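First residue of the sequence shown? That's 1 in the working numbering, and the numbers climb one at a time after it.
Derived by calculation from the structure, the hints in this document are not laboratory data. Certain hints may be false.
[Claimed, not checked] Here are the in silico distance ranges between beta carbons for each label pair: (1) GLU229 - LYS32: 26 to 36 Å; (2) SER58 - SER150: 23 to 33 Å; (3) SER150 - GLY332: 47 to 57 Å; (4) SER493 - ASN176: 38 to 48 Å.
[As the list claims (entries may be wrong)] Calculated cross-link-like contacts (lysine-lysine; reagent style PhoX-like; alpha-carbon spacing at most 20 Å): (5) LYS491 - LYS508; (6) LYS359 - LYS304; (7) LYS32 - LYS86; (8) LYS418 - LYS402; (9) LYS148 - LYS137; (10) LYS278 - LYS60; (11) LYS60 - LYS86; (12) LYS304 - LYS32; (13) LYS414 - LYS402; (14) LYS304 - LYS329; (15) LYS157 - LYS137; (16) LYS87 - LYS60; (17) LYS81 - LYS60; (18) LYS60 - LYS32; (19) LYS137 - LYS81; (20) LYS60 - LYS328; (21) LYS402 - LYS87; (22) LYS310 - LYS328; (23) LYS508 - LYS484; (24) LYS87 - LYS32; (25) LYS157 - LYS87; (26) LYS87 - LYS148; (27) LYS86 - LYS148; (28) LYS304 - LYS264; (29) LYS81 - LYS157; (30) LYS410 - LYS359.
This structure is a prediction, so every number in the text was calculated from the model and none was measured. Using N, Cα and C, we set each Cβ at its ideal position, and we do this for glycine too.
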Amino acid sequence: MYAEKQMNYNQLNSTFSWDEAYQAFDWNPEEKFNMGHECCDRWAENHSRIAVYWEDESGKQVEYTFKQLRDKSNQLAHALKSLDVKKGDRVACLLGKDIELVVTVLATWKIGAIYVPLFTAFNSSAISYRLENVESKVLITNHEQSQKLSTIDHSSKVIVIDNPDTPSLDFHSLINEFPEDYDVEETSLTDPCVIQFTSGSTGMPKGAVYAHKILLSTYPYSKYGIAYEEGDIFMGGADPGWAYGLQNSIFNPLSFGIPIVMYKGRPNSETYYRLMEKYNVTNFAYAPTAYRMMVQDGPEHITKHSLSVKKLSSAGEPLNAEVIRFFKKHLGITIHDHYGATEVGMVINNYHAITMEIKNGSMGFPTPGFTISLLDAQGNPTPDGEVGEIAIDTTNHGYYFKGYWNNEEKTAEKMSGKWFLTGDLALKDEEGYYWFQGRSDDIITSSGYRIGPFEVESSLLEHPAVSEAAVVGEPDEQKGEIVKAYVVLSKHSSPSDELGEELSLHVKTNYPSINTQEK
Numbered sequence: 001m002y003a004e005k006q007m008n009y010n011q012l013n014s015t016f017s018w019d020e021a022y023q024a025f026d027w028n029p030e031e032k033f034n035m036g037h038e039c040c041d042r043w044a045e046n047h048s049r050i051a052v053y054w055e056d057e058s059g060k061q062v063e064y065t066f067k068q069l070r071d072k073s074n075q076l077a078h079a080l081k082s083l084d085v086k087k088g089d090r091v092a093c094l095l096g097k098d099i100e101l102v103v104t105v106l107a108t109w110k111i112g113a114i115y116v117p118l119f120t121a122f123n124s125s126a127i128s129y130r131l132e133n134v135e136s137k138v139l140i141t142n143h144e145q146s147q148k149l150s151t152i153d154h155s156s157k158v159i160v161i162d163n164p165d166t167p168s169l170d171f172h173s174l175i176n177e178f179p180e181d182y183d184v185e186e187t188s189l190t191d192p193c194v195i196q197f198t199s200g201s202t203g204m205p206k207g208a209v210y211a212h213k214i215l216l217s218t219y220p221y222s223k224y225g226i227a228y229e230e231g232d233i234f235m236g237g238a239d240p241g242w243a244y245g246l247q248n249s250i251f252n253p254l255s256f257g258i259p260i261v262m263y264k265g266r267p268n269s270e271t272y273y274r275l276m277e278k279y280n281v282t283n284f285a286y287a288p289t290a291y292r293m294m295v296q297d298g299p300e301h302i303t304k305h306s307l308s309v310k311k312l313s314s315a316g317e318p319l320n321a322e323v324i325r326f327f328k329k330h331l332g333i334t335i336h337d338h339y340g341a342t343e344v345g346m347v348i349n350n351y352h353a354i355t356m357e358i359k360n361g362s363m364g365f366p367t368p369g370f371t372i373s374l375l376d377a378q379g380n381p382t383p384d385g386e387v388g389e390i391a392i393d394t395t396n397h398g399y400y401f402k403g404y405w406n407n408e409e410k411t412a413e414k415m416s417g418k419w420f421l422t423g424d425l426a427l428k429d430e431e432g433y434y435w436f437q438g439r440s441d442d443i444i445t446s447s448g449y450r451i452g453p454f455e456v457e458s459s460l461l462e463h464p465a466v467s468e469a470a471v472v473g474e475p476d477e478q479k480g481e482i483v484k485a486y487v488v489l490s491k492h493s494s495p496s497d498e499l500g501e502e503l504s505l506h507v508k509t510n511y512p513s514i515n516t517q518e519k
């Protein structure tokens, strides 16, 4: 009934070719396309096919098949319809890595409604703003998170997954009243399916609207960048309240029929390695912060476990070179760094499935299906080697962003002609590799130099005494700005004036252009 992905990977050469990769995809499938069907139902005919290996920090473990997810999401689809949720209505979810979250998303898509993820670390006011902004009809949460609702006004019907004694509707009792079959709503590629709120770094958070087309648009990234393949078991650490955690850590792999590992709890390095060994994880993706923690905890965890992992990927913030070197040395695998933005997905990457040189610290090449340009303040392309704002061609087949929810003004501010402006800065070298420089409002101008915080942070992180680093510009009457760094020391280091001077010299040596501007 719905369009399947049409890809011929065998026509690709082993060397990188954007044009060949682009031609391997059907960018114009039939109009009917529903994410709920694509990510679950089409794999459910094999009743024993595992979709999710779920575990929590208490040690509870459950395996869920695609058939179980299909049946439960069908029941919830009926339940949502009984609560007067119609096509285009909004269903919010305030859960962590719970299987009920997966069921909720699938059911929401199946009825043609729009899913609204909420991060469990949000306080009451943040939750209230988002519920009010999208006029959510239903909120699905747990008992602990539901306590945050007592101080806010909202009109959402609340469904709780773990406490049938509350005044709210009980998730499991509710869905068990309905049958396990459901006719998926006919939706098109351009129908909205998700409202993903941005972080609100400038002003109030904005709800980025995704269309069902997002799944097709991310297939090139999934196949070449993170490189799911038959036989993979995938584990992604990002929280499902964020875009990468929702799409790339859960539903993209499921759309390929790839089982995922979901861990509900606060993991540490040992937990990561234990789970990778236990579930024979072959494909692992996490944020640089987690990788840096694993580096700080040393290589003994790697040698302690028998690992099947073949691919390591990173996203969410720039990846530092010393992290790449650690895993190459001790695990024999090069972490591939990926770049994306909330509104447009993963658009510049290093590719596991395409033979290419990995330049430590580089973002890589544009994703097939996306045209990237670096623009100056006047909207003109910058020459190679010069910093510009990363912009995405909105006429590309892969572009799926529908604008900010009920906010045409903010949507217009992100456009420059046909280009969507990400707010991130990069430069492109003579070989076509992109290099992240920071946010457009983060660049430091000191004595005429334009200094990207990431490069200074990377230099600091090369020093064994530094675990984390953040660099900002501080106003200076003479130089405009000076570079100021904040560091978190490694567990074996202590603060001292001598160490401060050593770090300053270290940065000067590795970053000569700020030789007289640091603080």
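Hint check:
With their beta carbons about 28 Å apart, GLU229 and LYS32 fall inside the hinted range of 26 to 36 Å. At roughly 27 Å, the beta carbons of SER58 and SER150 sit within the given window of 23 to 33 Å. Restraint check, SER150 to GLY332: a C-beta distance of roughly 52 Å satisfies the suggested window 47 to 57 Å. About 56 Å separates the C-beta atoms of SER493 and ASN176, a value inconsistent with the hinted range of 38 to 48 Å.
Distance hint between LYS491 and LYS508 is unfulfilled; the C-alpha atoms sit about 24 Å from each other, more than 20 Å. Between LYS359 and LYS304, the direct Cα distance comes to roughly 29 Å. Violation of the 20 Å bound is thereby established for this hinted pair. Taken as a hint, the LYS32 and LYS86 pair is honoured in the structure, with Cα atoms around 18 Å apart against an allowance of 20 Å. Between the alpha carbons of LYS418 and LYS402 the distance comes to roughly 14 Å, so the proposed pair stays at or under 20 Å and holds.
About 18 Å separates the Cα atoms of LYS148 and LYS137, which keeps this hinted pair within 20 Å; it holds. Restraint check for LYS278 and LYS60: the C-alpha separation of about 14 Å stays at or below 20 Å, so the hint holds. The suggested pairing of LYS60 with LYS86 is violated, with an alpha-carbon distance near 36 Å, which exceeds 20 Å. Taking the CA atoms of LYS304 and LYS32, the gap is near 49 Å; set against the 20 Å cutoff, the hint is violated.
Straight-line distance between C-alpha atoms of LYS414 and LYS402 comes to about 12 Å, which keeps the hinted pair within the 20 Å bound. Of the pairs offered as hints, the one joining LYS304 and LYS329 holds, with about 16 Å between alpha carbons and a cut-off of 20 Å not exceeded. Distance check on the hinted pair: LYS157 and LYS137 sit about 6 Å apart at the alpha-carbon level, within 20 Å; holds. With a C-alpha separation of about 36 Å, the suggested pair LYS87 and LYS60 falls outside the 20 Å cut-off, and the hint is violated.
With a C-alpha separation of about 32 Å, the suggested pairing of LYS81 with LYS60 is violated against the 20 Å cut-off. Among the hinted pairs, LYS60 with LYS32 is inconsistent with the structure: their alpha-carbon atoms are about 39 Å apart, more than 20 Å. A threshold of 20 Å between alpha carbons decides the hint, and for LYS137 with LYS81 the separation of about 11 Å falls inside it, so the pair holds. The suggested pairing of LYS60 with LYS328 is violated, with an alpha-carbon distance near 33 Å, which exceeds 20 Å.
A threshold of 20 Å between alpha carbons decides the hint, and for LYS402 with LYS87 the separation of about 17 Å falls inside it, so the pair holds. Restraint check: the Cα-Cα separation between LYS310 and LYS328 comes to about 12 Å, which is no more than 20 Å; the hinted pair holds. A hinted pair counts as satisfied when its Cα atoms are at most 20 Å apart, and LYS508 with LYS484 qualifies at roughly 13 Å. Under the criterion of a C-alpha separation no larger than 20 Å, the hint pairing LYS87 with LYS32 is consistent with the structure, at around 15 Å.
Note on LYS157 and LYS87: the hinted pairing holds, with a Cα-Cα distance of about 17 Å set against a maximum of 20 Å. For the proposed pair LYS87 and LYS148, the alpha carbon gap of about 28 Å is over 20 Å, so the pair is violated. In summary, the hint linking LYS86 to LYS148 is not supported, as the alpha carbons are separated by about 27 Å, beyond the 20 Å threshold. For the hint linking LYS304 to LYS264, the alpha-carbon distance of about 23 Å lies beyond 20 Å, and the restraint is violated.
Annotation: proposed proximity of LYS81 to LYS157 holds, straight-line Cα distance about 13 Å (limit 20 Å). Annotation: proposed proximity of LYS410 to LYS359 is violated, straight-line Cα distance about 36 Å (limit 20 Å).
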